[in-house]
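Work the whole structure out from these sequences, hints included.
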Amino acid sequence: MGSPKSDMATISMVARLLAAILTVAALFFARDVFIPLALGLLLSFLLSPIVNRLQRHGIPNVMAVATTAALAFVLLAVGFTLLGRELTTLLGDLPRHKGELVAKARSVSGMTSGMGGSLDELATEVSEAMDPESEGTIQEEAERTVLQRWTNQIFPAPKTSKEELPHDGTSVKAPLYVQEVQGDIPLVSWASTAGTVLGPLATAGLVSVFALFMLVHREDLRDRIIAVISQGNYVTTTEALDEAAARISRYLIAQTIVNASYGIVLIVGLVVIGATLTEGGGFPNVILWGVLATCLRFVPYVGPTVAAIFPLGIALSVFPGYTVFLAVLALIVVMELLSNNVLEPWLYGTSSGISAVAVIMAAVFWGWLWGPVGLLLSTPLTVCLVVLGRYVPSFKFLATLLGETVEIKPSIRFYQRLLANDLHRSREMLQLKLKDSSFDVLCDQILIPTLKKIRSDHDGEYLSDADADRLFALVDSLIAELSEQATEPDEVANLPLVVGCTAHHFSESLVLKLLRSSGSGCFELDSIEESMLPQEVGQFMLEHNPVAVVLTVVPRGGFVQARYFSKSIRTAGYRGPIIVCCLGKFKNFDKLFVKFRKAGATSLTTTFSQTRSKIESLVKQSTPAVVPSERNLPELLEH
87 MGSPKSDMAT ISMVARLLAA ILTVAALFFA RDVFIPLALG LLLSFLLSPI
137 VNRLQRHGIP NVMAVATTAA LAFVLLAVGF TLLGRELTTL LGDLPRHKGE
187 LVAKARSVSG MTSGMGGSLD ELATEVSEAM DPESEGTIQE EAERTVLQRW
237 TNQIFPAPKT SKEELPHDGT SVKAPLYVQE VQGDIPLVSW ASTAGTVLGP
287 LATAGLVSVF ALFMLVHRED LRDRIIAVIS QGNYVTTTEA LDEAAARISR
337 YLIAQTIVNA SYGIVLIVGL VVIGATLTEG GGFPNVILWG VLATCLRFVP
387 YVGPTVAAIF PLGIALSVFP GYTVFLAVLA LIVVMELLSN NVLEPWLYGT
437 SSGISAVAVI MAAVFWGWLW GPVGLLLSTP LTVCLVVLGR YVPSFKFLAT
487 LLGETVEIKP SIRFYQRLLA NDLHRSREML QLKLKDSSFD VLCDQILIPT
537 LKKIRSDHDG EYLSDADADR LFALVDSLIA ELSEQATEPD EVANLPLVVG
587 CTAHHFSESL VLKLLRSSGS GCFELDSIEE SMLPQEVGQF MLEHNPVAVV
637 LTVVPRGGFV QARYFSKSIR TAGYRGPIIV CCLGKFKNFD KLFVKFRKAG
687 ATSLTTTFSQ TRSKIESLVK QSTPAVVPSE RNLPELLEH
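Under our numbering, the first residue of the sequence shown carries the number 87, and numbering increases by one thereafter.
Treat the hints with care, as some may be off.
Claimed, not checked - Ranges between beta-carbon positions, derived for each pair:
1) Leu-287 with Met-99: 39 to 47 Å
2) Ser-316 with Ser-550: 39 to 47 Å
3) Glu-547 with Leu-108: 44 to 52 Å
4) Thr-362 with Phe-166: 44 to 52 Å
5) Thr-324 with Glu-430: 26 to 34 Å
6) Thr-362 with Leu-123: 45 to 53 Å
7) Phe-675 with Ile-107: 21 to 29 Å
8) Leu-307 with Ser-480: 22 to 30 Å
Note that these hints are calculated values from the structure, not bench results.
All residues carry an ideal CB built from backbone N, CA and C; glycine is no exception.
Right, dumping it as structure tokens:
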């Protein structure tokens with residue numbers, strides 16, 4: 087049976103998993119409610135900057151919302167009118183291009199031997215379907231086929247044999263019964279058609295109503311959300327809402343600019359291609375393809391592909407040869423490359439805050455959950471999840487998985503490389519860090535935290551003795567390489583002597599090696615043997631007369647041993663500065679410093695850079711320590 091702490095962790099993990107499953111199930115089964123709500127929220131984010139700008143010019147909130155909504159509806163009406171006109175023109179022009187379609191189908195049929203018959207039939211069907219004169223014949227044939235199928239279902243043919251032939255039904259004893267098959271009831275047919283048409287209209291109406299109410303009452307909704315989810319932490323909740331709103335608004339505005347620019351350039355490019363590579367009429371319905379490309383590109387991945395199919399299909403089916411088709415293909419490829427690699431990174435920047443892999447994952451998940459609408463909403467919804475992970479500790483894993491930047495400390499990344507026995511990448515990390523910062527920063531941000539992590543995992547039994555020894559050996563080899571790169575002093579014998587002493591663990595000797603590497607050219611650091619007793623350490627200090635003594639402590643533990651060493655050194659008669667280097671952050675720093683001062687220490691440092699700076703200042707101010715009189719002791723302790 088596990089410990090109570092591990093049992094609680096397991097229960098918490100299971101509860102979170104169940105909550106996630108229930109949330110996904112609710113989003114799936116209640117999608118008829120959540121989809122209009124999410125679309126309305128997305129539309130309100132898109133329109134809120136316009137409303138805020140109008141309010142800054144003194145227009146009341148309701149009037150600003152009404153003006154913005156009216157402008158949006160006018161733009162939509164104009165857009166749908168243009169699309170309808172272009173689509174009507176396209177459908178009317180298709181029969182004129184049947185010859186080119188038939189020729190392309192037959193040319194492909196000639197290149198493929200196995201599928202020739204099928205493609206010939208396809209070409210014939212296309213020709214007949216686009217022939218206005220054959221429209222009535224095709225309709226009559228379809229009606230006859232349907233009528234024959236219904237007749238066979240209602241009056242199945244009886245099984246016959248050679249002995250019994252079917253009667254013609256012309257006698258009185260065997261009359262021919264005729265049953266009239268009624269068509270669909272007009273009311274039922276009308277209701278079915280109305281349901282098909284009114285469903286999307288009702289969804290659009292709900293989206294519009296949600297968006298308008300969210301815009302009018304956005305401040306009230308904001309206050310209510312903060313009051314519900316803040317739980318007293320108003321600062322964090324306010325910052326999270328502000329960041330989510332700002333990121334989504336910037337993303338939508340940037341995406342609108344990118345997509346509109348793409349559509350305009352596509353229209354201009356198709357016009358140029360039609361004017362230069364075609365004879366006469368030019369490329370048909372360029373406005374339709376530009377508007378469709380602008381709208382479809384809001385759907386990640388699928389939208390740009392679908393938007394490219396239409397002009398490519400028109401170029402292939404309308405114009406003879408493949409010159410226009412290849413020109414349109416080249417135009418779309420160049421536009422996609424410029425948009426994806428130049429325009430989008432420049433405009434988006436950090437507006438979304440999610441990684442490229444997260445965009446793909448979000449598109450797959452939300453597309454599976456809500457279909458095409460989920461694809462449209464995938465990025466904004468994922469942005470909300472990333473912001474939630476940034477401000478709520480229990481959801482931090484979302485920011486780590488989906489965020490644009492991985493929030494992993496350099497020391498943790500370095501530690502992972504060591505665990506994988508990847509010495510090459512570990513060395514590369516140290517070299518890159520050393521190029522961007524100083525040696526002290528390298529030690530404080532990577533090497534020292536790594537030593538503490540190895541020590542902590544070993545004490546917590548996450549690492550075996552063999553694994554801990556292997557990791558310490560790897561760090562030792564990397565420190566040796568760094569020491570070789572350090573500038574060697576010209577005259578070692580003339581440098582002031584500093585003696586280093588470990589409290590109780592091997593990792594502390596590695597810290598002394600780092601101090602020795604950093605002190606090249608300024609001081610010489612000599613480490614005493616770990617097997618020395620405290621009394622022998624004190625005698626060693628008197629014999630070598632160092633400028634300062636450094637006691638290193640890598641928590642956990644080691645404080646008692648460090649105080650005992652300090653007392654022993656003072657008892658032996660050494661009166662020079664004693665620096666206790668306790669690497670870590672301590673809430674009770676003052677109390678800890680008082681305890682070490684009582685044990686004879688003069689300074690307490692908590693980082694590598696502090697320790698090295700203290701040693702250098704003592705080297706500059708002091709001469710090799712001798713045994714002074716008692717009256718000079720307070721003066722030395724001030725250092």
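Against the structure, the hints come out as follows:
no. : hint                             : verdict
1   : Leu-287 with Met-99: 39 to 47 Å  : holds, 45 Å
2   : Ser-316 with Ser-550: 39 to 47 Å : holds, 46 Å
3   : Glu-547 with Leu-108: 44 to 52 Å : violated, 36 Å
4   : Thr-362 with Phe-166: 44 to 52 Å : violated, 31 Å
5   : Thr-324 with Glu-430: 26 to 34 Å : holds, 30 Å
6   : Thr-362 with Leu-123: 45 to 53 Å : holds, 49 Å
7   : Phe-675 with Ile-107: 21 to 29 Å : violated, 46 Å
8   : Leu-307 with Ser-480: 22 to 30 Å : holds, 24 Å
The structure shown violates the earlier hints numbered 3, 4 and 7.
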